[in-house]
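Protein chains in written order, with the numbering used here: chain R, 42 to 505; chain V, 42 to 505.
Don't read these hints as lab results, they were simulated from the structure.
Only a predicted model underlies this, so the values are computations on that prediction, with no experimental measurement involved.
Treat each hint with caution, since some may be false.
[Stated by the list, open to error] Pulled from the structure, derived: some chain V residues nowhere near chain R, Cβ distances all over 10 Å:
# : residue
1 : 90
2 : 93
3 : 165
4 : 172
5 : 246
6 : 251
7 : 421
[Claimed, not checked] Calculated cross-link-like contacts (lysine-lysine; reagent style DSSO-like; alpha-carbon spacing at most 30 Å):
#  : chain 1 : residue 1 : chain 2 : residue 2
8  : V       : 115       : R       : 275
9  : V       : 468       : R       : 468
10 : V       : 114       : R       : 275
11 : V       : 468       : R       : 275
12 : R       : 114       : V       : 275
13 : R       : 200       : V       : 200
Glycine residues also receive a C-beta, built at the ideal position from the N, C-alpha and C atoms.
Number of protein chains: 2
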Amino acid sequence: MRTLFPALLLALTTIVLPVLANDGDILEHIRQHGQNSRLAYELVESLTTEVGPRLGGGENDARAREWAQAMLKKLGFDEVHTEPVTFPRWRRDVESATVVTPYRHTLAVTALGGSGPTPTGGITAEVIAFDSLQALRQASKKDIQGKIVFVNQAMPRHKDGHGYGQTVGARYMSSQIVAEKGGKAVLIRSIGTDNNRLPHTGIMKVSADKPGVPAAAVSIPDAQLLHNLLARGKPVNVHLKLGSHWDGEYTSANVLGDLRGEEKPDEYVLLACHLDSWDLGTGAIDDGAGCAIMMAAVAHLKALDLKPKRSIRVLLAANEEYGLAGAKAYAKAHAAEARKHVIGGESDFGAGRIYRFDSHVQKQAFGVMDEIARAIAPLGITRGHNQAKGGADVSRMKALGMPVVDMKQDGTNYFDYHHTANDTLDKIDPEAMAQNATAWALFAWLAANHEGDFGWFESTQHDP
Amino acid sequence: MRTLFPALLLALTTIVLPVLANDGDILEHIRQHGQNSRLAYELVESLTTEVGPRLGGGENDARAREWAQAMLKKLGFDEVHTEPVTFPRWRRDVESATVVTPYRHTLAVTALGGSGPTPTGGITAEVIAFDSLQALRQASKKDIQGKIVFVNQAMPRHKDGHGYGQTVGARYMSSQIVAEKGGKAVLIRSIGTDNNRLPHTGIMKVSADKPGVPAAAVSIPDAQLLHNLLARGKPVNVHLKLGSHWDGEYTSANVLGDLRGEEKPDEYVLLACHLDSWDLGTGAIDDGAGCAIMMAAVAHLKALDLKPKRSIRVLLAANEEYGLAGAKAYAKAHAAEARKHVIGGESDFGAGRIYRFDSHVQKQAFGVMDEIARAIAPLGITRGHNQAKGGADVSRMKALGMPVVDMKQDGTNYFDYHHTANDTLDKIDPEAMAQNATAWALFAWLAANHEGDFGWFESTQHDP
Chain R
42 MRTLFPALLL
52 ALTTIVLPVL
62 ANDGDILEHI
72 RQHGQNSRLA
82 YELVESLTTE
92 VGPRLGGGEN
102 DARAREWAQA
112 MLKKLGFDEV
122 HTEPVTFPRW
132 RRDVESATVV
142 TPYRHTLAVT
152 ALGGSGPTPT
162 GGITAEVIAF
172 DSLQALRQAS
182 KKDIQGKIVF
192 VNQAMPRHKD
202 GHGYGQTVGA
212 RYMSSQIVAE
222 KGGKAVLIRS
232 IGTDNNRLPH
242 TGIMKVSADK
252 PGVPAAAVSI
262 PDAQLLHNLL
272 ARGKPVNVHL
282 KLGSHWDGEY
292 TSANVLGDLR
302 GEEKPDEYVL
312 LACHLDSWDL
322 GTGAIDDGAG
332 CAIMMAAVAH
342 LKALDLKPKR
352 SIRVLLAANE
362 EYGLAGAKAY
372 AKAHAAEARK
382 HVIGGESDFG
392 AGRIYRFDSH
402 VQKQAFGVMD
412 EIARAIAPLG
422 ITRGHNQAKG
432 GADVSRMKAL
442 GMPVVDMKQD
452 GTNYFDYHHT
462 ANDTLDKIDP
472 EAMAQNATAW
482 ALFAWLAANH
492 EGDFGWFEST
502 QHDP
Chain V
42 MRTLFPALLL
52 ALTTIVLPVL
62 ANDGDILEHI
72 RQHGQNSRLA
82 YELVESLTTE
92 VGPRLGGGEN
102 DARAREWAQA
112 MLKKLGFDEV
122 HTEPVTFPRW
132 RRDVESATVV
142 TPYRHTLAVT
152 ALGGSGPTPT
162 GGITAEVIAF
172 DSLQALRQAS
182 KKDIQGKIVF
192 VNQAMPRHKD
202 GHGYGQTVGA
212 RYMSSQIVAE
222 KGGKAVLIRS
232 IGTDNNRLPH
242 TGIMKVSADK
252 PGVPAAAVSI
262 PDAQLLHNLL
272 ARGKPVNVHL
282 KLGSHWDGEY
292 TSANVLGDLR
302 GEEKPDEYVL
312 LACHLDSWDL
322 GTGAIDDGAG
332 CAIMMAAVAH
342 LKALDLKPKR
352 SIRVLLAANE
362 EYGLAGAKAY
372 AKAHAAEARK
382 HVIGGESDFG
392 AGRIYRFDSH
402 VQKQAFGVMD
412 EIARAIAPLG
422 ITRGHNQAKG
432 GADVSRMKAL
442 GMPVVDMKQD
452 GTNYFDYHHT
462 ANDTLDKIDP
472 EAMAQNATAW
482 ALFAWLAANH
492 EGDFGWFEST
502 QHDP
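Could you build the full structure based on these sequences and the hints that come with them?
In structure tokens:
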């Protein structure tokens, strides 16, 4: 594999450290090394250029895992292995939508993850619009019967991205609701904050016992066009064609890289990300960046020849996007030793700078959280609250009781690109990547070396 | 046609003016009426929603002309007519590009206007990159023979858009140069300033005696990906498939709307725009906005019941984008009466606010130019120089000697959307549209009523 990653050669030089007098010196060295490093950026450049889109079960799933294993070894992780993750496979296929009356328009459209296909010739039906999921829920079957439902709810832009939670229900729920009410298909306004003719995909709710209708997202300018067409008061008919479908089972894998602890090697600080991505872009911000950040964070400690007391594990999870399959498989495989995962966190919110550090730990760990906060404060990060959520790929471990932290990233622009063809490397600022990796390195180092524990929470898991 | 444009009904109410004491009162009325009007925005909304993309010779060419004639009549123009414009028709068709080695990637690509097709199965060849047209010109045939040439020149962003002129040569010239040097095809980095996976089309040079190779633009993120792939030093092979081709002749028409002058009805102030657009978006900023601005400018005078001394003519030109066909046909049809066109101008640079007023008139008209400058100064417009260029659709009349003016618009973001699928209504600010239409109304009113002439220039036309 020596020639695989030529751009990375320089970044991997091991640093010869001066004798470190005290912990403060070590933290300063991590900060200096991390902030001057382009490693995290180079890793996401390598992944997006040499692998590209990584839909779970898609043509690049295996190549992504090969890339990750080779790279973790190259970065000096002590132990690299994979754990199988099996899930139903979904495939995208042809997708098109055309307004046929009163004026002909081609719409920029993409199937929602999990959508089944239209009949081979497509569906042509009149469009009925709702400006929110709530309005759709309240609509009568009579109004929806035989129609293509258009849910046109705009997502507001916020630094912390909370507009997503306010609007993503339209994407997640509409297909089943429209099926219940006798509609033929659903188009949603993309859940995003941009003005580009690039629709945002994303998973919708799929249940074996509750079939949905074919569902797709239109780009935001196309949603505005549909709105303007409907405002004329004449019937708007759309022809929709989707070939997307479920196709058997696929076995992928979680990829794990450990930096072994010197004193408590069987205890872990868990740093998660997901290796899969949607298929439309190259998965740079979602979540190539997160994996690159976490890999670089540990590589920084290794490059500085720092030996943590506990092990630090990077989990590159399989198929987060349409199944949370890797997170579920990890929690299941490691349930018996769950409490050995003393604390965890995930990077899965793009490549923006971290502005706040939240925790979800028991009281006995408040002191070390404050210590971490002081260590990352020079990076421009403030201390937040103790209600951290943890990311999706640590959510099942958190449900078992694992303490978590959040490094809150500036997501002001994240939903301009999220789940679109625009999720590409050029959206990433190398300096913000360096800041992220440095913060996680400092967290991992201090958490792994913390003498006490972080507490444990009662399990909230109902379907183990 | 009464029910065609319901949204416009309110905007068309004729204003009952108080008795106007003097010229200053009239100018103030035009300013107030224009700036409070949404007419220009409503016109571009109507055109983009009810007609959509308007490729010269394409499926919407005739519908656009019908729209324009009906709307000019509805707006109260005294005389509406069309003049035939015949040109070779170009059609877009299938278009795709895939990197096949060393790593597979689908590229966002679109044929350049005028490109011929690849062989049916497409072309697969190694890519050779140049960072400028100049570098391509200097390259040897040996290097280019059998290759797909990639011209990767970035366009800088400027308020006046002058980065376009600096880089558009790569789009215009590369196909013929690559053909001369034995290359198989050409990919250019899109001539644009955005970071979207939406390629920018645009015309390339086409000569009967000098065939070019098939040519396409890749989006800017894809150009950066290609660059990063090539930087690895291994052969990069691309499979390119284009179906675009020339297809006989088509007869479209220029659409003309006149507000007849009271004293010199056979003298014209010419306000131009082009009715056609590229096919990827809905032609909102290029040039639906320009036509809407010019139509609204004259409609404002009509709504205020103002009767100019000279006639004011709006020319909605046919097929500017890949032939300048309407401009050529107009100059040819009106060559004998060219000097009756006392002055002209065009709106064809999007929908941004006007910040400067340039002229190209003889000395005797400097006074009235200053008067116009004073009238539009309250709109935030400064007086510029006397080297105005005139837009493309008045260029042939200018070549005959016609004086012109430029209303310089803020084009900072224009090339983010220009010639892409992103050229849609949502990119337009209604207030900026109102400012534009008001400025042109003031210009048209003062120019039409100017007692003297504007001079005439020596013809620079070499191929009449």
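Against the structure, the hints come out as follows:
1. 90: violated, 5 Å
2. 93: violated, 5 Å
3. 165: holds, 19 Å
4. 172: Holds, since 17 Å exceeds 10 Å.
5. 246: Residue 246 of chain V is indeed farther than 10 Å from all Cβ atoms of chain R, at 28 Å.
6. 251: holds, 34 Å
7. 421: holds, 25 Å
8. V/115 <-> R/275: Judged against 30 Å, a Cα distance of about 21 Å means the pair holds.
9. V/468 <-> R/468: holds, 21 Å
10. V/114 <-> R/275: Holds, because 24 Å separates the two Cα atoms, which is no more than 30 Å.
11. V/468 <-> R/275: The hint holds at about 25 Å.
12. R/114 <-> V/275: Since the Cα atoms of residue 114 of chain R and residue 275 of chain V sit roughly 23 Å apart, the hinted pair holds (cutoff 30 Å).
13. R/200 <-> V/200: holds, 28 Å
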